[in-house]
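Engineer: If you want the building blocks of each chain, they are given just below.
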Amino acid sequence: MRRRLLALALGGLLATATAPPPAAALDTALPGGAQAPTTAPVSGGPLSGPALDEAVRGVAAQLRCPICQGLSIEDSPSEIAQQMRAVIRDSLAAGRTPDEVKAYFVSKYGEWILLSPEPHGFNLAVYLLPAAALLGGVLVIGLAVRRWIRPAPTGAEAGAPDPTATSRS
Amino acid sequence: MNWRAVIIALVVTVPVVLLLGYGMTQDPRAIPSPLPGKAAPTFTLAAMKPPASGTAADRDTIRLSAYRGQVVVLNFYASWCLACRDEHATLSQAATEFKGKPVHFFGVMYNDTEDALRQYIQQMGGQTYPTLVDPGAKVAINYGLYGVPETFFIGPDGRVAYKQVGPVTSQVLTTEIDSLLASVPAAAPTPLRDAPAATRPGP
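Quick mapping for you: the protein sequence lines, in order, are chains X and F. Residue numbering for the first sequence follows my numbering, starting at 1 and increasing by one per position. Residue numbering for the second sequence follows my numbering, starting at 1001 and increasing by one per position.
Excised from the complex, chain F in its bound form (with noise of 0.2 Å):
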């Protein structure tokens, strides 16, 4: 036997069986994102109001800053996405668990119209929590959102603990929550609210 030519073969097969190998073991679609353990990026967002009193002039503007100290649960979701259906129940259900705790529950509306998310919203029996308007999207590019649902949690010190891409489970919430509430100062501060006013995020 040509000892020579075998261990070129093997040397040049064998890595490419490797990497190919490691290839199969990917999930092409999941995209690793680089924000948890960073600061989550802040914005400052008007809120989405039921139809009885929505006007642009009463809108509440949430602070992701005001709520410094607490728990967030940031909910990135749209009317027309099935696989918000699946979790749109389990994450109200959860706003409710958690009331009087310092966790707080906020939607995020995807390239979507506020008609179509108040009627997604009636169709779905109701949300517990509050939704924002993000026009352009910048919010969520600035969250490196590439689909809907997408759940960020962020801790009391600011930072993204944990982001969950599709639908979130209530075990996966109770998990994330539990563990961040955790590590919440004995007395944490109640959020600010601004005056109500016509703001928006952008430059």
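Looking at chain X on its own, in the form it has when it is part of the complex (with noise of 0.2 Å):
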């Protein structure tokens, strides 16, 4: 039973690994419309008003800023971020999803725009040694408390040899 938990659990790991990254993140083309030759269609319902914002805010919030020592566009007060905070809203309102929006920014700067890289593939490393390594940490520290709080062994436990059995022979 323990082994086939363990496999399966391998092979979940396995495959989250190496699966390609979501279709939208194949997408090109520009959100917005601007200029774009190969427009893909517009998969989601156009958003207006407080919840247009509140989605351009979620988007941004997740892109770093290119100019920005480890700023998202959502809270960098420079040009570029609030160009790119355009393009956002221009194609969320045109009912683009937020994922094809960043799949847009993906696509034109790598991932090394996104603030918190997707778990897939090396990245993965990432979300899985901080968990190793503190699970690591926990069984370290089980296994010192364990040897702790062991009882320290008595002399016939330890193989001390017995006097009186010294005095018969």
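If you're looking for bench data, these hints aren't it; they were derived computationally from the structure. Keep in mind that the hints are not guaranteed to be accurate.
[Said to hold, decoys possible] Result set (EDC-like, lysine to aspartate or glutamate): computed pairs, CA atoms no more than 20 Å apart in a straight line:
| # | chain 1 | residue 1 | chain 2 | residue 2 |
| --- | --- | --- | --- | --- |
| 1 | F | Lys1038 | F | Glu1114 |
| 2 | F | Lys1038 | X | Glu111 |
| 3 | F | Lys1099 | F | Glu1114 |
| 4 | F | Lys1163 | X | Glu111 |
| 5 | F | Lys1101 | F | Asp1027 |
| 6 | F | Lys1049 | F | Asp1112 |
Values in this document were obtained by computation on a predicted structure and should not be read as measured data.
Please dock the two separately framed chains into a single complex, following the hints provided.
Structural biologist: Below you can see the structure in the form of structure tokens.
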């Protein structure tokens, strides 16, 4: 049973690691329709008003500002960040989904543009290593604690020579 | 010696040291572009005119698709960019040298004003190729630009062959253009220019 569970877990991990990115990530068409030669069909419903503002913030918070140090384009006051937010807004207003908009930026800037890398392939290390390190740490601490609280072996248990037995022989 | 402890320590530390060592060989500022090898994003942009004839109505419109089958050198730059000054003369000279060949140079204005750019071009002693106006930096974003100067070499097949980050040198220009010219069909089509009209990229 244990082996079967382990095999299932490993299989799932392998499938996630080797799975291709979602189809939307392959769409290189320009959101907002600006001079896009191969515009993909609009797949989401057009947003407007506060829902659009919220969606723009949501996408912008996940994308890295190209000229800043570790800032999202939502947080950056730079001109390029403002222009990227405008592209996001146009795209979402045109009915593209947040995933499609993110995929567009990934197709132009690479995965670098994502503040959190997609959990597939080598990127999985980012998510799995901390968990593995934590697990390892817990294991080491557990073993150490077990060793500390284990009662000290008595002389007979430790195989010490029995003085009585010696005098008899 | 406790070999078990040594092996555990090595298993834990060696991958970490290797990972850190690999990180030391990488330039944290270098952002790999996914564009080389892929189709160049198309655009239709208005060309900036010199002050004498520069009205909104008589601008030429440049469509990238009209240059299919030829080599296009697309240079994003700005008047406020100091590094752009290093490559300006080189680009102008190369554009002159390749005149008559199926090679076309275009500058693209990046987050700048036309007046500032005209002044800059004048200061730099002129420019031998047109500059295109990119409102809202939509084309720049479509090319995955994260700074200026950046130069894209687009081959006759319409794909981005090479992206230069930072000032371009005459050696890079010659090497890349010669390599792309080798794949240009014998009778390259003449680029089609649209009738002058107020056009902008955009939705």
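Engineer: Hint by hint, work out which the structure violates, then give me just those numbers in ascending order.
Structural biologist: Hints 1, 3 and 5 contradicted; others consistent.
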